[in-house]
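Keeping their order, the protein sequence lines are chains S and W.
Residue 80 in my numbering sits at position 80 of the first sequence, with consecutive numbering throughout.
Residue 1210 in my numbering sits at position 210 of the second sequence, with consecutive numbering throughout.
Please note: incorrect hints may appear among the correct ones.
Think about it this way: if two alpha-carbon atoms lie no more than 27 Å apart in a straight line, the pair counts; the simulated DSSO-like pairs of lysine-lysine are [stated by the list, open to error]: (1) W:Lys1185 with W:Lys1212; (2) W:Lys1282 with S:Lys51; (3) W:Lys1126 with W:Lys1003; (4) S:Lys100 with S:Lys51; (5) S:Lys51 with S:Lys71; (6) S:Lys78 with W:Lys1126; (7) S:Lys86 with S:Lys60; (8) W:Lys1185 with S:Lys100; (9) S:Lys71 with W:Lys1282; (10) W:Lys1126 with W:Lys1185; (11) W:Lys1282 with S:Lys100; (12) S:Lys71 with W:Lys1003; (13) W:Lys1161 with S:Lys78; (14) W:Lys1161 with W:Lys1185; (15) W:Lys1214 with W:Lys1282; (16) S:Lys60 with W:Lys1282; (17) W:Lys1185 with S:Lys60; (18) S:Lys86 with W:Lys1212; (19) S:Lys86 with W:Lys1282; (20) S:Lys86 with S:Lys71; (21) S:Lys60 with S:Lys78; (22) S:Lys86 with S:Lys51.
Hints listed in this document are in silico derivations from the structure and should not be mistaken for laboratory results.
Quantities reported herein were computed from a predicted structural model and do not represent experimental measurements.
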Amino acid sequence: MPTVTYAGTEVTVNDEGFFADPAQWRPEMAPQIAAREGITELSERHWQVIKFMRHEYEAKGTGPTVRVLGKTSGVTVKELYQLFPKGPAKLAAKIAGIPKPRGCI
Amino acid sequence: MTKRIAVLGGGTGGTLIANRLRRLLDRADADIVVIDADDEHIYQPGLLFVPFGLAKPGSLIRPRHRQLRPGVTFRRAAVDRVDVAQDQVRLADGTTVDYDVLVIATGARLVPEETEGLTGPGWMEKVFTFYTLDGAVALERAMSRFAGGRLIVAVMDMPVKCPVAPLEFCFLADSYFRERGIRDKVELTYVTPLDGAFTKPVCNRELSGLLKEKGVSVITEFNTGEVDGAGGRLVSYDGRETGFDMAVVVPLHSGQACVQRSPGLGDELGFVPTDPATLQSKAAPNVFAIGDATDVPTSKAGSVAHFEGEVLARNITRYLAGEPLAPAFDGHTNCFIESGSGRALLIDFNYDTEPVTGRFPARIGLPLLRQSRLNHLGKLAFSWLYWNVLLPGREIPAVRSQMPVAGKRLPRRGSPEPARSPR
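Given the sequences, and given the hints that come with them, work out the whole structure.
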């Protein structure tokens, strides 16, 4: 699997850029991951979502979907799309260093 | 002492688990009650055919209580909530039902009101769903009057019941307008929040090809934020728009309201967190769940409830006997996909194995992931199987709970096609 260097540390990611091991993630890596995805600045609202993603992953072993995020993170789905354009659940998961949220069948 | 088993919901899962338990447990050992708010059991796979005039609405409904074996009590009552700590179900009329074992079989609920504008102007006039009987009937009238224009079929977001049904609607609509001689006047578009027609690679390739062949265009990763019925457009959360003359939507799904009202029972969407292998709920050891009501990572489909039924019935008897539960459910799902013009595909998969080509249930059998007349006949025969084999809680000959491997063309180890994926 490919490796990328964030905040001076080499981390393993999958083909889509998601962390292979969420334990390798540290908060100071987030701005660099975000920048690669076209988000130049992480606001307090971004961080609220990123921290929520980490928390959910640690509690449940998978990141929440955008609909669940909208119900539980304190940020509406509309705003989530403003903060993380295109796919909030996927993008926020990538920046939070957790695996891609599992889609449902 | 006689154990009290309460089953919430008299749909597919609730009916078949009550009947299976009744056969396994002596009447002196267990009382079984099924609680539901109404006495109308709808054959949901039939709803897809109503808009095309291929099924009569009345033929899809039978009384719930008539599907239960002698020795199973049917109680018609709305459930307020479950008090898991007290082993008690509170009914809407204020009475309570105490239980030793509870099975949540309350299914999924459509929540169209959660999408902005969906139930506003144009709802049931220009914007329809075939996921309810009323909706399917209204859509039949609208389809028969539809003289041409842009028809979109849109899934709001996952999870939904029978995720292949909206695709089947596209295929059947293609045939329908062809037969009416106006196919060239109808622009068919499938709108999905997913990044493909289906979540799994082999099946996605097959179904995408079929959509293309039938002239259905596909808009992917479209997460609908607003339905503007009057203006005839869908607006996605990321600001994209797509217009329509008629929209057929699959609304958002939630778990049942009584689950959401029960402290500690449901998740954020009202589905019951459930052990995917034993089907024991995470709320309490004596609470189990089956069918669409659970959060297990497989399709919400009748075949799943059927395969779960075999495992769950035995696990409940084990629980009552004080024995350890068997982690025996593998996520087995089996769906016929109607592809129009009297043909259908069949897919068969589980938690670990994606739908692939081959034959089912073994080397001699129905073709998998390929259109055939035989599969269409299988889909039609399924209605009989549903009422006469699935609901009574019997086994389909040669089809076991665990997914069969013989007959499947599985990707070889080390091939780029992922043979295993979590969902």
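Here's how the hints hold up against the structure:
no.: 1; hint: W:Lys1185 with W:Lys1212; verdict: holds, 17 Å
no.: 2; hint: W:Lys1282 with S:Lys51; verdict: holds, 25 Å
no.: 3; hint: W:Lys1126 with W:Lys1003; verdict: violated, 51 Å
no.: 4; hint: S:Lys100 with S:Lys51; verdict: holds, 16 Å
no.: 5; hint: S:Lys51 with S:Lys71; verdict: holds, 16 Å
no.: 6; hint: S:Lys78 with W:Lys1126; verdict: holds, 25 Å
no.: 7; hint: S:Lys86 with S:Lys60; verdict: holds, 24 Å
no.: 8; hint: W:Lys1185 with S:Lys100; verdict: violated, 41 Å
no.: 9; hint: S:Lys71 with W:Lys1282; verdict: holds, 21 Å
no.: 10; hint: W:Lys1126 with W:Lys1185; verdict: holds, 17 Å
no.: 11; hint: W:Lys1282 with S:Lys100; verdict: holds, 24 Å
no.: 12; hint: S:Lys71 with W:Lys1003; verdict: violated, 39 Å
no.: 13; hint: W:Lys1161 with S:Lys78; verdict: holds, 25 Å
no.: 14; hint: W:Lys1161 with W:Lys1185; verdict: violated, 31 Å
no.: 15; hint: W:Lys1214 with W:Lys1282; verdict: violated, 44 Å
no.: 16; hint: S:Lys60 with W:Lys1282; verdict: holds, 12 Å
no.: 17; hint: W:Lys1185 with S:Lys60; verdict: violated, 49 Å
no.: 18; hint: S:Lys86 with W:Lys1212; verdict: holds, 25 Å
no.: 19; hint: S:Lys86 with W:Lys1282; verdict: violated, 34 Å
no.: 20; hint: S:Lys86 with S:Lys71; verdict: holds, 19 Å
no.: 21; hint: S:Lys60 with S:Lys78; verdict: holds, 24 Å
no.: 22; hint: S:Lys86 with S:Lys51; verdict: holds, 20 Å
Going through the hint list in order, the structure does not satisfy hints 3, 8, 12, 14, 15, 17 and 19.
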